[in-house]
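**Student:** Sequence:
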Amino acid sequence: MTERDSVTHYSTSTDIVSALKSKMITDALPLWSGAGWDSKSGGFIERLDRDGRADLVAPRRVRVQARQIYCFAKAAELGWYPEGAEISRQGLDYMLARAKAPDGKPGFVHILAPDGSVLNPLRDTYDHAFVLLALATVYQLDRDAKVRAEIDELMQFIDTQLRSPDGGYVEGVPASMPRRQNPQMHLLEAFIAAFDATHDQAFQARAGDLFGLFSSNLFDTKKGVLGEYFERDWSRIEPVSVEPGHQAEWVWLLKGFERITGCPTGRQRAALLESALRYRDATGCLVDEGDAQGNIVKSSRRCWPQTEIVKAFVAQAESGVEGAAEEARAALMRLDKYYLQHPVKGGWYDQFDGEGRSLVDTIPASSFYHILCAVAEAERVLGA
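For the sequence shown, the numbering used here gives the first residue as 1, with consecutive numbering after it.
Any given hint could be a false lead.
[To be verified] Heads up, simulated EDC-like pairs for lysine to aspartate or glutamate below, C-alpha to C-alpha not over 16 Å straight-line:
{"no.": "1", "residue 1": "K40", "residue 2": "D55"}
{"no.": "2", "residue 1": "K40", "residue 2": "D115"}
{"no.": "3", "residue 1": "K298", "residue 2": "D288"}
{"no.": "4", "residue 1": "K21", "residue 2": "E77"}
{"no.": "5", "residue 1": "K298", "residue 2": "D281"}
{"no.": "6", "residue 1": "K223", "residue 2": "D291"}
{"no.": "7", "residue 1": "K345", "residue 2": "E153"}
{"no.": "8", "residue 1": "K40", "residue 2": "D93"}
{"no.": "9", "residue 1": "K223", "residue 2": "E238"}
{"no.": "10", "residue 1": "K337", "residue 2": "D350"}
{"no.": "11", "residue 1": "K100", "residue 2": "D152"}
{"no.": "12", "residue 1": "K146", "residue 2": "D93"}
{"no.": "13", "residue 1": "K337", "residue 2": "D281"}
{"no.": "14", "residue 1": "K100", "residue 2": "E153"}
{"no.": "15", "residue 1": "K105", "residue 2": "E153"}
{"no.": "16", "residue 1": "K100", "residue 2": "E150"}
{"no.": "17", "residue 1": "K298", "residue 2": "E228"}
{"no.": "18", "residue 1": "K222", "residue 2": "D291"}
{"no.": "19", "residue 1": "K223", "residue 2": "E274"}
{"no.": "20", "residue 1": "K298", "residue 2": "D353"}
{"no.": "21", "residue 1": "K222", "residue 2": "E274"}
{"no.": "22", "residue 1": "K337", "residue 2": "D15"}
{"no.": "23", "residue 1": "K23", "residue 2": "E379"}
{"no.": "24", "residue 1": "K21", "residue 2": "E379"}
{"no.": "25", "residue 1": "K345", "residue 2": "D51"}
{"no.": "26", "residue 1": "K345", "residue 2": "D27"}
{"no.": "27", "residue 1": "K298", "residue 2": "E355"}
Calculated directly from the structure, the hints in this document are not laboratory data. A quick note: this is a predicted structure, and the numbers were derived from the prediction, not measured.
Turn these sequences into a full structure, and let the hints steer you where they fit.
**Tutor:** This is the structure in structure tokens:
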């Protein structure tokens, strides 16, 4: 099936936020708590097949377990899906039992088998960012002291085992190269969420360190691009790879950083957004990769960058930028038209090529975090 076979049911921008909120509540959350949960062995399913059936043999990335915990806890917090509170706790119990230090070493492992055994014991920094995000979101529900203790224990590991003497955080334990901006970005997201949940100023300080890294190394102010890959000392690896979805994601994160610290980020946000918008195809969607000169390198386009441009425009709308609210709604309409019109209600297409052909035959759970967050932020700022 191609994107051209899709038919959007929402022809006006005025109702797109409420329509997608309804789609989350009516279709997506029931699907991923039903077919997306392993009722026999526990844990969330990594992906569904094209017909919405669980892939019971696919390895389970711990980051996806954490993302699904976040989704159900967030949906419960918003009042969208009250039963999400219990589902998120079941998911957290599974992740803590299976992925946390099963080999006696601190930290969370990288990949589990469907039976819960360890397939890859790597302690991956990107994964730990999502574990912290999951814990912070669950903690928001009822301030459970046991969850707070898990946050503190996790931060002990992150602070002592993952901090880099060169700034930021290493890729994992064992450390590897090249260094990437992506784990730093998601740690910033997790620190903002953890501050919101705990009001612990230590999370402000950690977020401030990452903002400093962004300002001094990750973002090239002269070229207006966010780099992806770096040497050990955070010098850029040439040629610079640009993922426009990440540029959009930083717009939203910098607005969150501004909110919790009072540090103005409007100039950086405007530059990032202007740069990200260079990498669009004829549909108006962001492509997967470009270069530092603004050229498209990969014309394929995944679902998640479209959710991040929604969040970027929502952040700008919240800051009072003229026209941003309308752009956010238009981006939501593109997301719905091209990615969410899947035959499986509550499912999505993950990636298209430049000709509009679907490149992924499954429905990956990993996209739910991106989609639900975009819709939630749109409702919070724009209203449903």
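**Student:** Evaluate each hint against the coordinates.
**Tutor:** Evaluated hints:
Proximity of K40 to D55 is assessed by CA-CA distance (about 13 Å); at most 16 Å being required, the pair is judged to hold. A threshold of 16 Å between alpha carbons decides the hint, and for K40 with D115 the separation of about 9 Å falls inside it, so the pair holds. Restraint check: the Cα-Cα separation between K298 and D288 comes to about 6 Å, which is no more than 16 Å; the hinted pair holds. The suggested pairing of K21 with E77 holds, with an alpha-carbon distance near 14 Å, which does not exceed 16 Å.
Proposed proximity of K298 and D281 is supported: the alpha carbons are some 11 Å apart, at most 16 Å. Note on K223 and D291: the hinted pairing holds, with a Cα-Cα distance of about 11 Å set against a maximum of 16 Å. For the suggested pair K345 and E153, the alpha carbons sit about 39 Å apart, so the restraint of at most 16 Å is broken. Only pairs whose Cα atoms come within 16 Å are accepted, and K40 paired with D93 is accepted, the gap being roughly 15 Å.
At roughly 13 Å between alpha-carbon atoms, K223 and E238 fall within 16 Å of each other, so this suggested pair holds. Between the alpha carbons of K337 and D350 the distance comes to roughly 13 Å, so the proposed pair stays at or under 16 Å and holds. The hinted pair formed by K100 and D152 meets the criterion: a straight-line CA distance of about 14 Å does not exceed 16 Å. The hinted pair formed by K146 and D93 meets the criterion: a straight-line CA distance of about 11 Å does not exceed 16 Å.
Distance restraint check for K337 and D281: the Cα-Cα separation of roughly 15 Å lies within the 16 Å cut-off, and the hinted pair is therefore satisfied. For the hint linking K100 to E153, the alpha-carbon distance of about 11 Å falls within 16 Å, and the restraint holds. Between the alpha carbons of K105 and E153 the distance comes to roughly 13 Å, so the proposed pair stays at or under 16 Å and holds. As the CA atoms of K100 and E150 are separated by approximately 10 Å, the hinted pair is consistent with the 16 Å bound.
Of the pairs offered as hints, the one joining K298 and E228 holds, with about 15 Å between alpha carbons and a cut-off of 16 Å not exceeded. Note on K222 and D291: the hinted pairing holds, with a Cα-Cα distance of about 14 Å set against a maximum of 16 Å. Of the supplied pair hints, the one linking K223 and E274 holds, its CA atoms being roughly 11 Å apart against a limit of 16 Å. In summary, the hint linking K298 to D353 is supported, as the alpha carbons are separated by about 9 Å, within the 16 Å threshold.
Between the alpha carbons of K222 and E274 the distance comes to roughly 13 Å, so the proposed pair stays at or under 16 Å and holds. Taken as a hint, the K337 and D15 pair is honoured in the structure, with Cα atoms around 14 Å apart against an allowance of 16 Å. Proximity of K23 to E379 is assessed by CA-CA distance (about 13 Å); at most 16 Å being required, the pair is judged to hold. Simply put, K21 and E379 have alpha-carbon atoms about 8 Å apart, close enough for the 16 Å limit, and the pair holds.
Proximity of K345 to D51 is assessed by CA-CA distance (about 10 Å); at most 16 Å being required, the pair is judged to hold. At most 16 Å may separate the alpha-carbon atoms for a hinted pair to count; K345 and D27 meet this at roughly 5 Å. In summary, the hint linking K298 to E355 is supported, as the alpha carbons are separated by about 12 Å, within the 16 Å threshold.
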